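S.K.: In case you want the letters, here they are:
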Amino acid sequence: MLIVFDLVGIFFFAVAGSLMAARRGFDILGSLFLGGVTGLGGGVVRDLILNESPATFAHPIYFAPPVLAALLVYGFTPAIQKLHRLVLVFDAAGLGLFCVTGTMKALQHNFNPVTAVLLGVISGVGGGLLRDVISNVTPDLFNPRDIYAIAAMFGGTLTAVFWSLELFNPVVVVAIAALTFAIRLASLKFGWRIPLAAG
Amino acid sequence: MLIVFDLVGIFFFAVAGSLMAARRGFDILGSLFLGGVTGLGGGVVRDLILNESPATFAHPIYFAPPVLAALLVYGFTPAIQKLHRLVLVFDAAGLGLFCVTGTMKALQHNFNPVTAVLLGVISGVGGGLLRDVISNVTPDLFNPRDIYAIAAMFGGTLTAVFWSLELFNPVVVVAIAALTFAIRLASLKFGWRIPLAAG
Amino acid sequence: MLIVFDLVGIFFFAVAGSLMAARRGFDILGSLFLGGVTGLGGGVVRDLILNESPATFAHPIYFAPPVLAALLVYGFTPAIQKLHRLVLVFDAAGLGLFCVTGTMKALQHNFNPVTAVLLGVISGVGGGLLRDVISNVTPDLFNPRDIYAIAAMFGGTLTAVFWSLELFNPVVVVAIAALTFAIRLASLKFGWRIPLAAG
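For the record, the sequence lines run as chains E, H and C. With the numbering used here as the guide, the letters of the first sequence map in order to residues 1 to 199. With the numbering used here as the guide, the letters of the second sequence map in order to residues 1001 to 1199. With the numbering used here as the guide, the letters of the third sequence map in order to residues 2001 to 2199.
Hint data in this document are derived by calculation from the structure and do not stem from the laboratory. Heads up, some of the hints might be wrong.
Pairwise CB distance ranges, derived in the manner of DEER restraints [said to hold, decoys possible]:
hint, chain 1, residue 1, chain 2, residue 2, range
1, H, V1172, C, Q2108, 39 to 45 Å
2, H, H1059, C, V2137, 55 to 61 Å
3, H, V1174, E, N169, 50 to 56 Å
4, E, P170, C, V2114, 48 to 54 Å
5, H, L1071, C, W2192, 52 to 58 Å
6, H, V1067, E, N169, 29 to 35 Å
7, H, V1172, C, T2138, 42 to 48 Å
8, H, G1025, C, T2138, 22 to 28 Å
9, C, V2004, E, I61, 49 to 55 Å
Anything over 10 Å on all C-beta distances counts as not near chain H; from chain E, calculated [claimed, not checked]:
hint, residue
10, V137
11, E166
12, A178
Note that the structure is a prediction, hence the values are computed from the model and not measured. Even for Gly, the Cβ is constructed at its ideal location relative to N, Cα and C.
So that you can see chain E by itself, here it is in the shape it has in the complex (with noise of 0.2 Å):
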């Protein structure tokens, strides 16, 4: 069940970094590298963590969804200016598919819920983290206009919520997933924000 969502959100993942490969202008490679840093970015370093050797380079089938999102990308690239807003789109997605799969993982491995929730929000916010580190902009972690780690925060701990009640079946996946979409995509849409770190 696990990898199936993870797919999904690589998907997600894939195709918000190769958007932003595209607006920036790089080339049909760099869409692919950048898609599937975003994409298999916060898995491998959750699975470095956890101190197993990646799954993404255990089974090639990790690779399809960045190669898809590539063409994607390529075949039906809509107008430049929308390509923000539809990065931010694909990306809430991921987080939201990312933070429910990376807890379950982590719990999986016997570690204590805290520490599981955080593993979950690494592998939601790595993938992007890395996407922005390596295209040499601010992450847009840090923007400070609207909320985004707190919103992988919630979905990883619902997850450990229902984890430990033993409710968990695919249904709670996506469910989660979906409602920590929509905290995302309102945060954007009614510029939600937490206080600044300086008080």
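Starting from the known structure of chain E, arrange chains H and C on it as the hints suggest.
M.R.: For chains H and C alone, kept in the frame of chain E given last:
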């Protein structure tokens, strides 16, 4: 013993990271995240290289210093123009402790002294480097107007010498860390520098 | 056999890194550090993914090429305006060797050929990518005016083909590396390119 010095070093680095987040106008969660990366990044990289699951994720206590640092910076942020100097002071304090504890941990893993000192330097400069890379600024490490890595090398080398003489104890740790801290600050005040890369 | 080619490749990349440090006005320790990251970064990432302790830290000999490179660049830096071209030439030489040795190492670990070629590409582009990310510039990898990763893919694929034919020997390594080097340089000279991400 190692863990206490580790936690104090993490706290110093986390304050430096959270202060930089305040200076850049990030929100409080961005401040926590950047403080966490600064404080924990060097040690995680060191543990990944030692091929063990990072201590950070096995012991949740490691997350306490970044939380404390983010709250302190939120509550007591001084005037914004003083922030850059404060970042440098806390960063120097973290550097002093981390080059000692990083070298010690590698020596405990039976690495040879040269590699152990190098891992100490990586632990010391790694968190600040990640902070600067993620914040999208040219790393302080490369600033040719003062010395940084060489102070960490000095602290790591002293650590390896005392270790091989079997004269290692908490007093020695504090003394080496303080000396490294003093060298780093003196280099900032007096503009000590080393030759440029191009002769 | 692998180690000799590895050391030569590290040396080429380290010269590229130290030259970039000279061009950016870093000091000699920054030059050593940036050269070390460029030379050793790709291999360390590859070994972390293979889930083994990086060879770099087990064998101190791996640190010799960056030290040599930093000293050479310090002693013989040419006129500053020629530096950018020299960075590209040494980088291409490192790329040629690393895509071959990286693919070989993955094949020795019994990875399937597709993943092995990908790990070869990661070894080849990883060091330069880290160099650019740390120096806070948009990675050369994404420059759409020439080809980079595709040259590494070509070298890695040839390596996998010769390996599966059991025709692998040092002459083949040098030949594939030289061919990859030539393709990369030719793409720079003649402006070979591939389609942009947006169709």
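S.K.: Give a verdict on every hint.
M.R.: Hint check:
The beta-carbon spacing between V1172 (chain H) and Q2108 (chain C), approximately 44 Å, falls within the hinted interval of 39 to 45 Å. In this structure, H1059 (chain H) and V2137 (chain C) break the distance hint of 55 to 61 Å, their C-beta atoms being roughly 37 Å apart. For V1174 (chain H) and N169 (chain E), the Cβ-Cβ distance of about 54 Å falls inside the hinted range of 50 to 56 Å, so the restraint holds. Roughly 30 Å separates the CB atoms of P170 (chain E) and V2114 (chain C), a value that falls outside the hinted 48 to 54 Å.
Distance hint check: the CB atoms of L1071 (chain H) and W2192 (chain C) are about 55 Å apart, consistent with the given range 52 to 58 Å. In this structure the supplied range 29 to 35 Å holds for V1067 (chain H) paired with N169 (chain E), their Cβ-Cβ distance being about 33 Å. For the pair V1172 (chain H) and T2138 (chain C), the beta carbons lie near 45 Å from each other, so the given range of 42 to 48 Å is met. For the pair G1025 (chain H) and T2138 (chain C), the beta carbons lie near 23 Å from each other, so the given range of 22 to 28 Å is met.
One distance hint, 49 to 55 Å for the beta-carbon pair V2004 (chain C) and I61 (chain E), is violated here, with the actual separation near 36 Å. With a least beta-carbon separation of about 6 Å from chain H, V137 (chain E) fails to lie farther than 10 Å from that chain, contradicting its non-interface assignment. Even its closest Cβ contact with chain H, about 23 Å, leaves E166 (chain E) beyond 10 Å, as expected for a residue assigned away from the interface. In this structure A178 (chain E) is separated from chain H by more than 10 Å, as the shortest Cβ-Cβ distance comes to about 22 Å.
The structure does not agree with the numbered hints 2, 4, 9, 10 stated previously, though it agrees with the rest.
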